[in-house]
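Engineer: Now for the letters of each chain:
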Amino acid sequence: MALLIVQLLTGLANAMFLFLVASGLSLIFGVTRIVNFAHGSFYMLAAYLASTLVTALPLGPSSFYAAVILAPLGVALLGGLIEVCLLRRIYRAPALYQLLLTFAVVLVIGDAVKFFWGTENRTGPSPPGLSGSVPILGQLFPTYDLAILLLGPLFALVLWWMLHRTRWGILIRAATSDREMVGALGVNQTWLFTGVFVLGTWLAGLAGALQMPRVALTTVMDSTVIVETFVVVVLGGMGSAFGALLGAVLIGVLQAFGILWLPREFHLAIVFILMAAVLILRPWGLLGRPEAETPPPGGAVGLGAGRRLRAPGWVWAGGLLLAVVLPPLLPAYYVWVLVEILALALFAASLQLLVGTGGMLSFGHAAYFGLGAYGAALLMKRAALPMPAAFGVAPLVAAAAALLFGAFCVRLSGVYFAMLTLAFAQIAFAIVHQWYDFTGGDNGILGVWPSASLATPVRYYTLALLATALGLGFLWRVTGSPFGYTLRAARDHPRRCQAIGVNLRAHRLLAFGVAGLCAGLGGAIFAFSKGSVFPDYLSMPMSVQSLVMVLIGGIHALTGASVGAAVYKLLDIVITKYTGYWQAVLGGILACLVVAFPHGLVGFVQARWTRMRTSLG
Amino acid sequence: MLDVTDLDAYYGLSHILFGVCLRASRGEVVALLGRNGAGKSTTLKAIMGLVPPARGRVIFRGEDITGRPPHVICRKGIGFVPEDRRIFPDLTVWENLEVGRSAEGNGERRWTAERAFELFPALKELARRRGDSLSGGEQQMLAIARTLMGNPDLLLLDEPSEGLAPLVLRTMAEHILRLKLAGITILLSEQNLHFATRVSDRAYILEKGRIQYEGSMGDLGKSREVLRRYLMV
Amino acid sequence: MVETPLLEVRDVWKAFGGVQAVAGVSLTLPRGEVRALIGPNGAGKTTLLNLLTGQLACDGGVVLFKRERISGLPPERIWRRGISRTFQVTATFASLTVLENVQVAILSHQGRSRDLFSRTGRLAREAALDFLKRVGLEDQAENVCASLSFGDLKRLELAIALANEPELLVLDEPTAGMAPQERMDLMALAVTIVRDRAVSVLFTEHDMDVVFAAAERIMVLHQGRVIAEGTPQAVRDDPQVQAIYLGGLA
Ligand SMILES: Nc1ncnc2c1ncn2[C@@H]1O[C@H](COP(=O)(O)OP(=O)(O)OP(=O)(O)O)[C@@H](O)[C@H]1O
Ligand SMILES: Nc1ncnc2c1ncn2[C@@H]1O[C@H](COP(=O)(O)OP(=O)(O)OP(=O)(O)O)[C@@H](O)[C@H]1O
Ligand SMILES: [Mg+2]
Ligand SMILES: [Mg+2]
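Just so you know, the protein sequences line up as chains A, B and C, in that order. Residues in the first sequence are numbered from 33 upward in steps of one, following my numbering. Residues in the second sequence are numbered from 1165 upward in steps of one, following my numbering. Residues in the third sequence are numbered from 4 upward in steps of one, following my numbering.
Keep in mind the hints are simulated off the structure, nothing from the lab. All clues stand as given, with none of them false.
Under the rule of at most 25 Å between Cα atoms (straight-line distance), these lysine to any residue pairs were calculated in the SDA-like manner:
1. Lys609/A - Glu372/A
2. Lys136/C - Ser1178/B
3. Lys1344/B - Gly250/C
4. Lys601/A - Ala487/A
5. Lys1386/B - Met211/C
6. Lys609/A - Ala144/A
7. Lys1372/B - Gln143/C
8. Lys136/C - Arg1393/B
9. Lys1288/B - His225/C
10. Lys1372/B - Gly139/C
Footprint (simulated), chain C over chain B, 3 or more residues, beta carbon under 8 Å:
11. 1291–1304
12. 1326–1333
Since the model is a prediction, treat every value here as computed from it, not as a measurement. From the three backbone atoms N, C-alpha and C, an ideal C-beta is built for every residue, glycine too.
So here's chain A without its partners, still in its complex pose:
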């Protein structure tokens, strides 16, 4: 019993950190609409910074507290700089581009931490004055954790008070729904945004610095915390300070007890199962309210969402000719690279249908890519289907999964939708990862090679090219079909769309299925080109990558996804070849790309093209 209570308290103490990070994230998202992936990186950075400051500061015992105060301030300053120098330049771009930029920041900070602090785990010193333990029902409980326990609710109150009772808070909430109008009422929204970003980052930093004496600092703590934080925010309901607290408590406690009873691998999965269950029952989180469904004023749909531009015929013909003629002349390695690019292009293009055309942000699209790959491998290895049959049926497996998961997801919208797709992807990942008897667990499935007649690089490339062309052609056709137009209509104005007889959920579900099918085909192509499948194919980094590819290319053009996939993959290959700090370099390049082409590469070309044509008359 006593053990349980102490465990509960530990869970609650963990929850307080999650809460601090989550409230910062939710604040930033609320006002700026930025899905800030870099939030976890600021947390990590502050923890490392604090651990260094503790030893570096010449203040004796009080240097611990000085470090805990200074590190978050330093990180907040960095956050402010990033906002002013980078994010501010692209507030006019479609909302998701800021996400790409924050992803670039994640990569850079990740490598910076490795560079300055190395990859070995570190531990911070214990806090002077609070290093002991207090007995609770005969069990010892760290005094520091007890202090933290008091801090959380205090912060929730202060935050709530700030948001609802101060002028600044009211302005923040107003800017959440209509920035431009706030500006027209005399508020300098630029500095409001910077202020919010700095405050949010400071909260993340504070959590990181306070965490320093409790846990081992690792270079992956950024991704762990960002995932959990997103879960917390969505679970509690966006924009609700007490919701975030409640969500954090649920997750903290669940994990504390999960450690006792469940094998390690399930810790993350169980969190996602909880989130999926809550979202299915309460589509706006526990304490959230339905977002006021106001379409962005002034049609902030972004450039290229409207008139679609056809690339001239010779561009297509030339591209196709190259794709057919070039490969036989290349060394085998490059042919395999091309195959991989084809698979990724199809994968990204299928996501583009959801995100660009349908306005449905998915964080878990890799699930369908991965299930396509696993479908192919399992059909061949376990069901003993011949390779071509496995290749053809695999996409259907992915589509079936997409329809199943999609049926729950399409009842939600916005970030809630995104998080539920992620939850299902993580659950699928956990199953594939743990079911050793069937999927081989993290050993994957080896020996998934194309049948003998297709086994040379160029032959398999030809198959891949045909399959990709088929998939892309299908997506292109769908985008221009009545279905595709209706999907855009549903994105632009859901309520109006309903009032012209469209069943939104059914429509979106079909889109989800189509996207799943094409992603699955991409997965099948990928599987046979690698000769093996691994759980990573379904993992979150894979999902994020697909999103990055779509954004690099431009979310409002199908060709954008393919271009994005090619650029991303080639960058990846070239950079990893020349430097160990490839993440930082890639991040830097991504950041430059976003700032230079805030509508994606293809979006940029389209805009130039239009301008040229109109100026010529």
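Dock chains B and C with the ligands against chain A, hints included.
Structural biologist: Frame of chain A, contents of chains B and C with the ligands only:
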């Protein structure tokens, strides 16, 4: 007070305003008339800095404010009420007013929530209700009250009469005249000629982004030809 | 034999939190009638319309359309039964062109919105242009809808609403933001369409010239209740309506 010369404005690539010139003196109510799509809203937005003017000057109280960001223009004393109202949906009526509040402006003319409720008594009972729960007409009143909270000297009203019940419309006309008496200059875009005639001193008529007529409201009322040609009355 | 009414509303209620927006409204609307719904701001007009077309669910009461119960159905099913509407705050598809806006609606009416393979470009193009011509938007057909002025958006919305050949047209302030003469024209247009096809119209409006010119009967709503109903003349002369709404006008 306000002097706009040769204003050109674009949305992306489409040219909307062509050399718009207009002026408003202190304490005057000026109406901007014209058909749908004539460019009335665009003119107001360009003055407010919401659409960057491509050419021309906007001079306010002798100071060039062309192309300044909206919040700066607002702080100089120009208030803007958009045609789609843009009430903050998650905020209560009182909080909506708070967003518009400004500490600037001299003592006696300073607006407070109480004074706004005096102007629109209907809002008082709604003070604690969320913005998205208001009816169309209630939102219109709130939008005007919210802008007044910034103590503007020049008020840009985009179709203030739209969506208001006849009785409220009548009081709205009185309010506008009262604001005028209080020394506020008003530039309003209107479709409702009755309403415009009742409140304004002078009028401009816009057609396809160009000013086609300028004159006192009285003269305009008499020139049937102009009315028929540009306003289809 | 008495003709069955097209629409019959029996004692519907709707409250938002503590606000009783619609408090026991009943009405019957015969086929082919143009009925205006007027009342002060906040009287509950929009809410009532939302109850009829399924954007909101009734707290109590029933709505019958052609004798079948439609209250409780989602908006898309109600639309398919033949009730179409426009919104007070214009609702159109910002990234589509004007023509495509109407095409999407027509295709939905034809049951083709899940057609994955046809090219949309030519489908229903003539019909869509026809609707646009009727509301006077044909020369804007290729423009992106985000670039329309306020009044043109209202017209476009009417065109969209006509796309399913409705039997009942519900219009929430259809002419707000238009020039006086255009208001009359638009309403006259709506009335012509009604006459041609025996469609009923239920509309709200604050412009009394339009109301008195177009409506055959008028219903006055105040604080969620019907306080008067009758011919334009009777309503105009009603002292209570004068006091709370018209204020000596007209
Ligand atoms: N965001 C936009 N992008 C592109 N074009 C636009 C945009 N907003 C308006 N326009 C175009 O600019 C022109 C002028 O529009 P504006 O809104 O100023 O007209 P208006 O006189 O206010 O009309 P209304 O009385 O209907 O409000 C119109 O032709 C319209 O199509
Ligand atoms: N979602 C909501 N939540 C709370 N109250 C609401 C909501 N929608 C409407 N109301 C309230 O219900 C009442 C009726 O609103 P409604 O929009 O039906 O008025 P209306 O008659 O259409 O007015 P107007 O002519 O100004 O458009 C108003 O007092 C309004 O504030
Ligand atoms: Mg306008
Ligand atoms: Mg209404």
